[in-house]
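Protein chains in written order, with this note's numbering: chain A, 1 to 246; chain B, 1 to 246; chain C, 1 to 246; chain D, 1 to 246; chain E, 1 to 246; chain F, 1 to 246.
Hints are computed from structural coordinates only; laboratory data are not their basis. A portion of the hints provided could be inaccurate.
Computed cross-link-like contacts, EDC-like style, restricted to lysine to aspartate or glutamate with a CA-CA straight-line distance of at most 20 Å [what the hints assert, rightly or not]:
| no. | chain 1 | residue 1 | chain 2 | residue 2 |
| --- | --- | --- | --- | --- |
| 1 | E | K105 | F | D87 |
| 2 | A | K125 | B | D199 |
| 3 | A | K176 | E | E196 |
| 4 | A | K187 | E | E196 |
6 protein chains.
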Amino acid sequence: MAKASKNLKAADKTAKPARTQPQPALRAIKGDKVASPAAKPGKRAALKPVPLKAAAPAADDAPIIALNLPAAKLSPAMAAYFKKCQDRLGFVPNVLLAYAFDMTKLETFVAMYNDLMLGESGLSKLEREMIAVAVSSQNRCYYCLTAHGAAVRQYSGNPLLGEHMVMNYRVARISKRQRAMLDFAVKLTASPWSVEEGDRERLRRAGFSERDIWDISAVAGFFNMSNRIASATDMRPNTVYHGQAR
Amino acid sequence: MAKASKNLKAADKTAKPARTQPQPALRAIKGDKVASPAAKPGKRAALKPVPLKAAAPAADDAPIIALNLPAAKLSPAMAAYFKKCQDRLGFVPNVLLAYAFDMTKLETFVAMYNDLMLGESGLSKLEREMIAVAVSSQNRCYYCLTAHGAAVRQYSGNPLLGEHMVMNYRVARISKRQRAMLDFAVKLTASPWSVEEGDRERLRRAGFSERDIWDISAVAGFFNMSNRIASATDMRPNTVYHGQAR
Amino acid sequence: MAKASKNLKAADKTAKPARTQPQPALRAIKGDKVASPAAKPGKRAALKPVPLKAAAPAADDAPIIALNLPAAKLSPAMAAYFKKCQDRLGFVPNVLLAYAFDMTKLETFVAMYNDLMLGESGLSKLEREMIAVAVSSQNRCYYCLTAHGAAVRQYSGNPLLGEHMVMNYRVARISKRQRAMLDFAVKLTASPWSVEEGDRERLRRAGFSERDIWDISAVAGFFNMSNRIASATDMRPNTVYHGQAR
Amino acid sequence: MAKASKNLKAADKTAKPARTQPQPALRAIKGDKVASPAAKPGKRAALKPVPLKAAAPAADDAPIIALNLPAAKLSPAMAAYFKKCQDRLGFVPNVLLAYAFDMTKLETFVAMYNDLMLGESGLSKLEREMIAVAVSSQNRCYYCLTAHGAAVRQYSGNPLLGEHMVMNYRVARISKRQRAMLDFAVKLTASPWSVEEGDRERLRRAGFSERDIWDISAVAGFFNMSNRIASATDMRPNTVYHGQAR
Amino acid sequence: MAKASKNLKAADKTAKPARTQPQPALRAIKGDKVASPAAKPGKRAALKPVPLKAAAPAADDAPIIALNLPAAKLSPAMAAYFKKCQDRLGFVPNVLLAYAFDMTKLETFVAMYNDLMLGESGLSKLEREMIAVAVSSQNRCYYCLTAHGAAVRQYSGNPLLGEHMVMNYRVARISKRQRAMLDFAVKLTASPWSVEEGDRERLRRAGFSERDIWDISAVAGFFNMSNRIASATDMRPNTVYHGQAR
Amino acid sequence: MAKASKNLKAADKTAKPARTQPQPALRAIKGDKVASPAAKPGKRAALKPVPLKAAAPAADDAPIIALNLPAAKLSPAMAAYFKKCQDRLGFVPNVLLAYAFDMTKLETFVAMYNDLMLGESGLSKLEREMIAVAVSSQNRCYYCLTAHGAAVRQYSGNPLLGEHMVMNYRVARISKRQRAMLDFAVKLTASPWSVEEGDRERLRRAGFSERDIWDISAVAGFFNMSNRIASATDMRPNTVYHGQAR
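Isolated chain A (complex conformation) (with noise of 0.2 Å):
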């Protein structure tokens, strides 16, 4: 029923995910000579495409989206990226596949994302992960919930956690900053014109500064963006999520 971009096939199969030294899919890239392609143009001709077609698709995964969209030829920056994806985490995670029918939107999207996830900010990792799993159950997006719960479990090594940002975040056990920080990003979510000052304070008063309260805005802001994409083309997560760091 759902049209599928044949040329988009999950490599996860073939996956062989360091469990023991868990690798955040998306997230231990960040640092390496590709991990902000869009801004690094001038390397596009070194390296070749990931061959993304070795593995067979899992059932969840295959089609990646409900859209169909011939993949592009990745250019030379992105070739690399996924590469590196592929050796590190195993597999090339889908959202990356989703975009790779267009060069500037997969450069853009990747780009946007490793500066918003990876890079500096008074938040760490886990807490931007775990405003993207909270935000992502407010919007019920599975592939969010997915790719991102099976992130807040690696770098917090602590499976629940996980679960409590998928199921309802008001159960977790977290600090007063965590907790703030995670009400202003769903109260961001449900009903973005009620936020006001007195917000922001109570955030201020949790000990966040005012570059920490545009990183929350951005990251909320940011899986705001991508649970209507994914949820828009029914984009399906790499199965290998499932069980990592359970």
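Add chains B, C, D, E and F to chain A, keeping to what the hints say.
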């Protein structure tokens, strides 16, 4: 009460918006050599920053956001981009000033924005702006309703169409195709979890291609992000927008 | 598709709104001898009906409503009232034309409207218009947002304040008193069942009298009625409003 | 805690409601020479005010509203109208006492109410009361559910129908025409912005005329106003309603 | 249209409810030897089933539910229980007839109901019925509002209190303790995910014990179940309830 | 902060869940002689209580609930039932420990649960668990999502199906029959007042019998109860569930 950066000043009082030749802000710059600055870091040294402090701030847009984030030194690409804005629009849109505390964030935002709103697409630029405003109306985002409401007025040459998008897109007398597009975008905004194959099929029946459906989703998603960043930071639009193309 | 009365024609194309001396529609007529027509039936014979068909209807306001209701003969009081509108505003507000299929309904509407919005009150006329627009924004009523948004711009001399009321009243930089007033009106609109003594106490603490609380409630209530009649009939505002007091 | 007028006293303890000949409050008075007092100001001198203080207030309806608004001197028209209520119903409905602090407000309310609910219409009086109650149920308005629930019981001679309207109109076993009417009224109440031509078409297909659609809308609108004024002021219905027509 | 069991007939037309000595249905039976039938299976042989078909069904309660589920042979315990209902209340509550297609389901329902609503608790039976009705009002459940609204009127001897619970519990003039109880129950109904320690603390401060909090939760939970079974099956209350204790 | 019973201790750390032979908690016990304890009070004397305190509680499930309710002495039937749980599942589900402060409440809960979820039905046990999780997802109930999400994984042998039910049942690739079943259950959860004959007809057309419709409604209803009791008391699931059947 709201803390704000003293370094971010609105420049639009000095603006002489070319009203006889509408130049939508953040819209006509694309195609120019600084249009996608994130992708052209090699040109960084050439341009001087725009003197952003020349004009007295107007009541509504000073401070631009409620967070005190000192402006960073503009990268050469961004300096050139701001200069182009100033030259062509008569002002630098406040959202760019809001992001100017961090060049990576500014550049990735500009790159994604320009690709989505000005890049190639089966959707006209007006249609993308219509989505922007209908989504922002659902989220009651003052900044985006103001800036993109002006864009709808300008692109369409129909001031009423802009008001319809701001107030209730259902009253607009538009084509069935455009109505289907907005229905999808607003449903995706209000209840993303409920978007399914039937919704995509309605778009296909209205004449949209697979790629068009991606673009509708991506533009709707983008403004669900931007609306939230704007609301979270109490971002204020340049006052010049209010009078454009009435 | 929508059926509409051929007898109801918009006259505002001939209007020359006195912009240097703002004359809000349905606002400056009060105090005049035809202001409260329902109460002065004795004068019915004196005036001739306004020739309402002189002007070509503009795109948006023809037909005025989506119901085919032939205009009745104007009563003398209403004919005089329409003539006053024409003389002073340059047009007859479409809501009056919409009600003009039945003189009793028109007269009771005008009587209630004029008392509420122009009669004596502890609330200024601007404040009453602010309530009108904030309520209409909650209900996303195109007609009322347009007509009363113009009124806020005119009474306040502040175009931005009108836009704030239309888009999200929470962004307006108004007094605590006015904010309390709008919070009450919007809560009463969104969840009337939840309004209780605590809400009234907040108004009292903000300086409102018992009578003021009645007036806030009555104006909010009135626009909850008008919004619904306008939405139910797809009522179209005179296009002249869009450009007023920008 | 709630302040209330000492001048507003409920009179219904002295009432002897004519149960064998149902006389819905505010319903059977129409047609009488004081029915539309706002339109007949010339008769003001003739009648003495009704002695409203004769009866001890019952628990629930003293004070009638939570605002301290001293009763004004009844105009002759209103005095006559109150006397008619007393004579025919055995009591003056509390909503009239609530408005009696200001004769203009009382008269315009009565004029609009009587036209809408008792004037000529393609809708029967029972149907108008059914709309009143279904709307008031959506808004959870205690006053209107009580007073108009009693009216539905009286007009229909079917106590269960009144309860259905109060509790959930969807359980009533009514004609398709009436169901369409209530679906429209309740949708208009809950999400007025979403009412469109398709909704009007459903009413037309159910047999309603253009004028009927106006009337459904106007009655639904009126109770969206009254519900809010009642909730805002904590208006209490006469206790006599509770036992009527059970 | 709705299919219904011919075997389920309402018996309440023959009922002579002891109005001078209120006997709330499903309420005064507890303590009796058949009160908790599920727990007393040893007595199964003794009693004959109640002849449920004697009376002509009234308009509203025939069929009792919209599912065609033939009545099973009553177990001796349930036959005895139904006989007690008939003897003491004058009728068998329709909910029991609805469950009578399966003795296990009937017995477990009766056992849980009787324990919760009639067993020992720090909450009075009236308070438990108040919760039942406030929850059922939130869920707009016709069956439960009718049957338990009557119970509130009977237990309290205050017809108005029953109406308050049905229409909007916030208008009831009850103790702070009872208000806190209902606020908790209704919040738990409307947004269970948002109930947290602060909500429990409010109950403790209002004087409720740990066990009381369980009971409030369990009664609210039970009616969230019953409301849904009643709505899913279009369950109709015995018409006799409508007139009780007015 | 949250008070909790010292007498309720989680036993699942000692559990050796039979992962190779999935034994869903509270699922495989049915049919056993202690399965329906409330119905078999005659066997009360035989068994000794399970020593519930042997194991150290895990982080998440100690205390099990936020109410301080000392455990009662287990009735013989319940002691036998708990022992069976321990023997077969390796742990006693925390919900049973939560109810163990009162034997009547525990027994009626167990009796109703076992009948609904394990008794005869046209719905498979997996289908009933799917309803349980989809309903619990709508209500964001941490306890039930965890315990019954594990059950869906176990019964189906499909870990992804469990995640789909937890995150957004609409993404599951299930039969039209099962989709209709879940649509009904979730609508009944979210807006029970709006369920009508058309909804039942959709189930019939999908192949469900009258009795099946009851069962779908009853299971959905039951979890609307349990979700609320769990949320009201901050009930914590046994940690062992999280890792089951991944």
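Each hint tested on the structure:
no., hint, in the structure
1, K105/E with D87/F, "28 Å, violated"
2, K125/A with D199/B, "35 Å, violated"
3, K176/A with E196/E, "14 Å, holds"
4, K187/A with E196/E, "17 Å, holds"
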